[in-house]
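*Asks:* Using the sequences and the accompanying hints, generate a full structural model.
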Amino acid sequence: MTMNKKITTKNFFTNNSQLLVPLIAILLLLIFNLIRDPSFFSIGVATNNNGDPVLQGNLISILNGASELVVISMGMTLVTAASGGQDISVGALAAIAGSVFVKVIKSGGTISPALVLGAFLLCSLVAMIFGCFNGMLVSAFGIQPMIATLILFTCGRSIAYWINGGATPTVSSPIITAVGSFIPGVPVPTPILIVILMAIFFGLLFRFTTLNLYIQTVGINQNASRLNGIHVAGIKLLAFILLGLCCAVAGVIGVSRLSLINHETILLNIEMDAILAVAIGGNNLGGGKFKMLGSVLGAYAIQALTITLYAMKVPSTDVKAYKAIVIVLLVVLGSPVVKEAMARIRRKLRGRRSTALAKEV
Amino acid sequence: MDEKGLDISRRHREPITDTQLLLTITICIFVCMYVAAILIWGGGFKKPQMLFDILNDNAYLVIISCGLTIVMITGSIDISVAGVTALVAMTGVMILNGSMPFFSVLQASLGLADSSRIVFAALMALLIGLLFGLVQGYLIAYLEIQPFIITLAGMFFARGMITILSVDPQKAPQALLDILQKRIEINWLGSPNKNGVIIPARMEVGVVIAILIVILVFCMLRKMRIGRSFYAVGGNRQSALMLGLNVRKTRFMAHLFCGILSGIAGFVFMMHTGAGNATNATAGEMNAIASSIIGGTLLTGGVGNVIGTFFGVLTLSTIKAIVTTSGLRDPWWQSITTGAMLCLFILLQSVILMRRHRNKH
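Quick note, the sequences are listed as chains A and B, same order.
Quick note: the first sequence uses the numbering used here, first residue 1, plus one each step.
Quick note: the second sequence uses the numbering used here, first residue 1, plus one each step.
Check the hints yourself; a few may be wrong.
[Stated by the list, open to error] Pairwise CB distance ranges (calculated):
#1 A178/A with M354/B: 48 to 58 Å
#2 S17/A with L212/B: 17 to 27 Å
#3 L212/B with F201/A: 48 to 58 Å
If you're looking for bench data, these hints aren't it; they were derived computationally from the structure.
Computed from a predicted model, the values in this text were never measured in an experiment.
Idealized CB from N, CA, C, for every residue including glycine.
*Replies:* And the structure:
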C-alpha cells in the first residue's frame, strides 16, 4: 500500500517536473517569510465601509493582486505554445479593453448590471478583434509574434487614450466596486473568483475539445500537424483570440479596482511579467508542450515575491532590482547545465555510497 | 564558346541575398519619405539642420541598435539595452556633479581637475556595459538560459539600480556640460535664418561616435572572422557547430559587444541630455528592436545589416518628426502613426520574403 503510494507521488513529480520550479519558488518565499515574520501569514476578517465582512492578510493580497497577471499568463501560455513566440502587446490591449469598457458605461446613463455586462461583452469583442489582428499577422503573414505585436505595443496605449478623447474618466458605482473588490456578503475578493471562473473556462475547454492537443502539436511541428489535417493558421489565430479575451478580463479587473481608466499606468509592464510567469512555469518559450498550471503558479510566485519585498519596506521603485536578482537565481537553478551538473554530483555521491557498501560487505 | 562563357558568367553571378534586398528596401523607403517630407511640408525639412537634429537626438539609439543587431543576428535578443543606457547616464551624471563619494575622494587624492571626472564617467560607462555584457553573455551562452528572461532581468536590475542610486533627477554641472556638448559646426551646410545670417549646421560629438561605431561594426560583420561566425551561428546553430565554430563563445561575444555598446550609448546619451533621470530612454529597447527590424534584421537570426539598422533609426525618427511638423498635435497621433508605419514595413518585408521563397521552391 505505502509502496504503491510512493510510486504514484514519484510518478506525479516525474510527469510534472516542470511544476517544481514555481512550486519551489513559492515554498522558498513562504519559508523565508515564516522565518522573517510569522505574522505575514495572519488572515483576519475585517469589516469594510459597507459593514460587510472581508478577508484581509498578505496571503489574500498575493492571491488578489496576482489576478490580472494570472489571467493574462493563461492566454500567454497558449500563444507561446502555439506560435513559439510571445505577445508583448497584452498591456496595451488590456488598456484598450478597459477604455472601451469605461466608454460604454459612461455613455449608458444609469449604471445597471445589464449595462456592465454589455460593456464587458463589447470590450471582449474589441480585444478579440485586436487579438485577431495580431493573430492574422502571425499566422497568415508568417511574422514572428514579438515583431507582429510590437505594432500594437507601440500604439495600443495611444489608441486607448484616443478612445476616451484624451481624458482619464472615472466610473463610480457600487457594481464596479463589487467587480474590483468585494461583492457584498462574500468575504473573498471578486478578482480571485474571476480567476477561478477563467480557470474553470479553460479547464472545460481543454476537457471537452481537442484544443490542448492541437495547440501542442502545432507548436512542436507545424508541417507535421498540417499534414495531419490540422489547420495550423486557424489554431494560432484561436490562441491569439483567446489571449485577447484574457486581456479584456484583466483590463476590466484593472479598471474596476481603481474605478478609473488611466491608459499610461493600467497594467504597465504586465507583458514582461506574463512572459516571465510562462517561463518560470517551466514552459518552453520556443513553443510546443505546455502546462497552464505552471504559468499560473509562476504568476503567483512573482506576486508573492513582490508582496514579500513590499512587506520588507522596499520602496516600490526599487522592487525591480531585487526582483531581477531573484529571477536570475531561479532560472540559473532551473537551467539545463546546472541541472545536469547536479545530476552528475548526485550520481557520484550514489556511486561512492555503493562502493562503500561494497567494501563493507 | 561565347554562349558557354555567358552561361557560366550568369551562373556565377550571385543572386541578391535577403540581407541586401531588405537593406535596399529600407534605404529606398527612407529616401522616398524624406523627399516627400521636403516636398509636402517643406519648411524645416528643407534645411540640413533637420537631419542633424534627428541624428543628434538619436545618436544613442543608433549605438544601442547596432549592439542589438549583432545580438539579433546570432538569433538572440537583448531587452536590457535601454536600461543599461539609462543606468550609465545616471551614474555618469552623478560622477560629474560629485554625488558619488568614491570618485570625489579619488579625484581629490590624485589632485586632478574637475574635468577629469569626464574620464571617470567614460571609464565607468565602459565598465558597467562590460559587466552587463559579461554576466548576461555568460548566463545565456554557457548556462543556456533563454535570452529573453536574462536580459529582462537585466533591464529590471538596471532600472531598479537607477532609483536606488537616486530617486531625484540629477543634473551635470554646466562647466562640464559645456565641454561635453561642444558641437561641430559645418559651415557649408548652414542655412540662413530670418535675418539672412547663415547659421552653420551643428552636429554633436555623439553623432560622430555613433557613425564611427556603425562603420566599425559593419566592417566587423563583413570582414572579420568573429563577424562571419555571428551570421553562421544565427543562421543555423547545428551546422555552425558541425563546421567547428565555437557556438557558445560566439554567442557570448555577441552579448559582450552589445553590453559594451550599451555602455557607450549611455555615455553619448549623457552627453546629449546632461541629466540623469529614472525615465531616461524609456521604451528605448522597443525602439531599438523596431529600428533593427525596419533595417531588415530578422529576429530568427542569420539575416541583418548594421547599415540597415542605421537607416531604420533614421526612418523611425523621421516618421516622428513628420507627425509633429504636419500639425497632428494630439498626443496620441505620434505613436499611432509610428505603429501604422511599422505595420506597413513589417507586412512589406514579410510579403517580399514570402514571394521570394515561394519562387525558389
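*Asks:* Please go over all the hints and tell whether each is borne out by the structure.
*Replies:* Hint check results:
A hinted range of 48 to 58 Å for the beta carbons of A178/A and M354/B is consistent with their spacing of about 50 Å. About 50 Å separates the C-beta atoms of S17/A and L212/B, a value inconsistent with the hinted range of 17 to 27 Å. Our hint of 48 to 58 Å for L212/B and F201/A holds, since their Cβ atoms are close to 56 Å apart.
The structure is inconsistent with hint 2 alone, although it conforms to all the rest.
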